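Enquirer: All chains should be built: construct the whole structure from the sequences, respecting the hints.
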Amino acid sequence: MKNNIAAKLLSWTFIALFLAVSLFPFFWVVITSFKPGSEIFGRNAFGVIPENPTLESYRRIIFEKGIPKAIGNSFIEAAITTVYVIVVSSLSAYIIARYRFKGKILLMSLILGVSMFPQMIIVGPIFNMFYKLDILNSYWITLAFSTITLPSAVWIMVAHFKKIPVSIEEAARMDGCGPWRTLWQVVFPIAAPGIFTTAIMTFIAAWNEYLLSYTLNADKMYHTVPVAINALRTQFSILWGEITAATVVVVVPTLIIVLLFQKQIVSGLMSGAVKE
Amino acid sequence: MRRRMSARQFAFVFPLLLLIGVFSLFPIFSSFVYTLFDYRTNDQAAAGLFFGGNLNRSLYYEDLDYIIYFLEDDVTLVDETGKAEFSAIMQDVSKEMETYADGEDTIKLGSTESRQISAFIDDVERRIAAVYEKHPEIQFYNKEKIPVLTKEMRSCIIPSNFTGFEAYGKLLSDKRFGNSLLNTFIFTLVSVSFELVLGMGLALIMNKAVKGIGLVRAAALIPWAVPTAVAALMWSYLYDGGSGIIAELFTKLGLISSRQSLLNTAGGAMSAAILADVWKTTPYMALLLLAGLQVIEPGLYESSSIDGAGKVRTFFSITLPMLKPSILVALLFRTLDAFRVYDLIAVLTGGGPGGATETLSIYSYKVMISQSNYGYGSVIVVAMFLCVALIAFIFIKVLGAELISDE
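Quick note, the sequences are listed as chains Y and P, same order. According to the numbering used here, the first sequence holds residues 553 to 828 in order. According to the numbering used here, the second sequence holds residues 141 to 547 in order.
FYI, nobody ran anything at the bench for these hints, they're computed from the structure. Do not take every clue at face value.
[To be verified] Residues from chain Y that keep clear of chain P, each with C-beta distances beyond 12 Å, as calculated:
#, residue
1, Arg733
2, Pro745
3, Met773
[Stated by the list, open to error] Quick look at which bits of chain P chain Y covers, simulated, 3 or more residues with Cβ under 8 Å:
#, region
4, 353 to 359
5, 377 to 391
6, 418 to 427
7, 513 to 523
Small disclaimer: the values here were computed from a predicted structure and weren't measured. Backbone N, C-alpha and C define an ideal beta-carbon position, used for all residues, glycine too.
Expert: Right, here's the structure in full:
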């Protein structure tokens with residue numbers, strides 16, 4: 553019994569420590585975002601409470617540094633990516649889950665392979681391709697995001713389609729549903745949770761993308777959130793006030809998504825990790 | 141219901157194949173091709189893949205025109221035989237101009253054609269010089285300009301920059317490559333080991349605790365969900381030599397000599413990068429392992445406790461073996477992710493100080509994009525690709541074909 557209490561205590565200490573370490577950086581960033589420049593450096597740099605709290609950093613990043621524009625770009629790009637990835641991945645995943653065809657193992661190995669190779673290998677040729685087509689600095693970049701989003705999307709969707717009993721489709725067909733209607737009115741509605749999970753995972757992946765955005769869309773008008781925040785760090789000065797304020801502003805949407813959809817995210821992370 | 145696929149079903153898969161083909165497979169193939177060329181976009185003579193010779197047609201055409209223009213001036217100064225020779229040359233040059241009047245700015249050149257052009261330039265230069273030498277007393281307008289022009293014409297023939305596998309040999313003697321390979325291995329090994337141990341602990345606790353698990357799970361997901369480039373920037377503030385709280389804390393704890401030495405020393409910068417990575421991805425590891433823990437039959441634990449096995453014993457004889465597939469999958473994903481790390485280090489240290497945190501991704505990006513050396517940059521990337529393939533191959537061999545099985 554004594555042993556049990558000690559074990560519990562150890563667990564709770566571990567959890568408390570984990571929570572503290574996980575959340576501390578955010579906590580500190582929030583504090584800094586309210587400090588005036590003079591308190592970020594110097595005497596009160598390590599003080600927990602800002603002596604003269606100010607919203608100046610927030611005002612500057614919102615009205616002068618174009619962070620709202622970057623949030624807009626990120627949102628547009630993530631939304632475009634999510635829409636086409638969902639369409640493409642659900643159609644192909646349905647076929648992979650339900651049909652038998654030559655080269656299926658090859659196709660699945662290919663998808664897995666694409667999710668594993670270093671993204672860096674496509675950057676040079678993709679840059680050249682976009683340069684030649686004159687589509688650098690545009691939303692066409694979303695098509696290049698397919699390389700980071702499609703493989704896992706197909707993976708999650710296949711796992712979900714396989715869970716749907718075939719008998720449901722057969723019953724629909726008995727009732728006179730054509731293949732298209734079966735798909736739209738029977739299979740996809742049942743697969744909706746899987747589609748939703750895939751959508752969230754795709755959206756987050758596209759929202760977080762840095763390497764391609766930084767390389768292909770270098771123009772300030774097309775900066776996404778990760779690129780725009782890093783652009784706040786100039787060669788001569790590091791304005792931590794603005795950087796922390798911007799971080800708070802862009803982490804809030806992430807926070808909301810995580811809190812609202814944590815079940816779907818966890819299930820998305822786990823597809824492929826566990827054989828069911 | 142396992143059905144054969146018809147054309148209509150193929151149409152369902154086609155968009156996937158198209159996207160993967162154009163934006164993943166074609167670029168990978170291109171990178172392999174780049175490695176075979178001395179391809180540098182900041183040097184006109186190497187700014188493309190020139191297999192066999194090429195001709196800068198527009199410049200060559202323009203230069204030929206200048207020859208005629210110059211000779212038209214000088215032809216007025218010479219005697220009848222000289223006039224006849226100059227006219228003959230101008231006629232030959234106009235004929236050559238007709239051949240290269242139209243087409244792309246840069247055109248492909250066979251080796252015979254390349255030799256013909258060289259011979260033509262030599263011939264024209266020699267014949268013009270002969271006329272000039274015959275009349276040393278005459279002050280020609282363009283005597284000095286002709287050699288300059290012929291030199292430029294020769295430069296219009298762009299030789300092949302195909303180098304085959306030569307660049308791979310360069311890799312072996314490239315110290316910077318060796319250094320970045322080592323850095324990548326250290327970063328991957330250390331951060332993934334920490335993540336596995338801490339993630340396992342967290343997963344075991346989350347598997348037990350019923351109360352408050354939602355809170356822990358949400359807290360675990362936040363570092364994972366924040367963009368790596370944003371998280372790295374956040375950490376660079378916490379590590380900052382001037383006002384970084386973590387740098388201050390580490391100094392107080394005696395881990396580092398001063399705040400500045402965290403990011404300015406080789407060991408400090410690497411540790412800082414690893415710590416930031418562990419912070420960001422341990423929760424992800426924990427969730428993957430938790431998924432594995434949850435599918436272990438509770439009955440197994442019960443019989444183990446009836447047999448009188450202790451907690452530690454149960455962990456090593458039941459939990460760990462049952463969890464092996466999940467551990468391997470989690471390790472595979474995390475190892476590959478850590479091996480190709482770019483965002484985190486690019487933002488946090490940029491590969492510094494003095495290359496101490498330069499990983500393969502960082503090095504290849506600098507060579508390829510910053511120095512415009514696509515050829516050698518691609519060689520580094522392909523070497524990284526092969527390492528990743530090897531790691532994946534080893535893991536999948538251990539895992540068995542299970543991962544891509546059709547069942």
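Enquirer: Please write out, lowest number first, the hints stated earlier that are contradicted by the structure.
Expert: Hint check: nothing fails, all pass.
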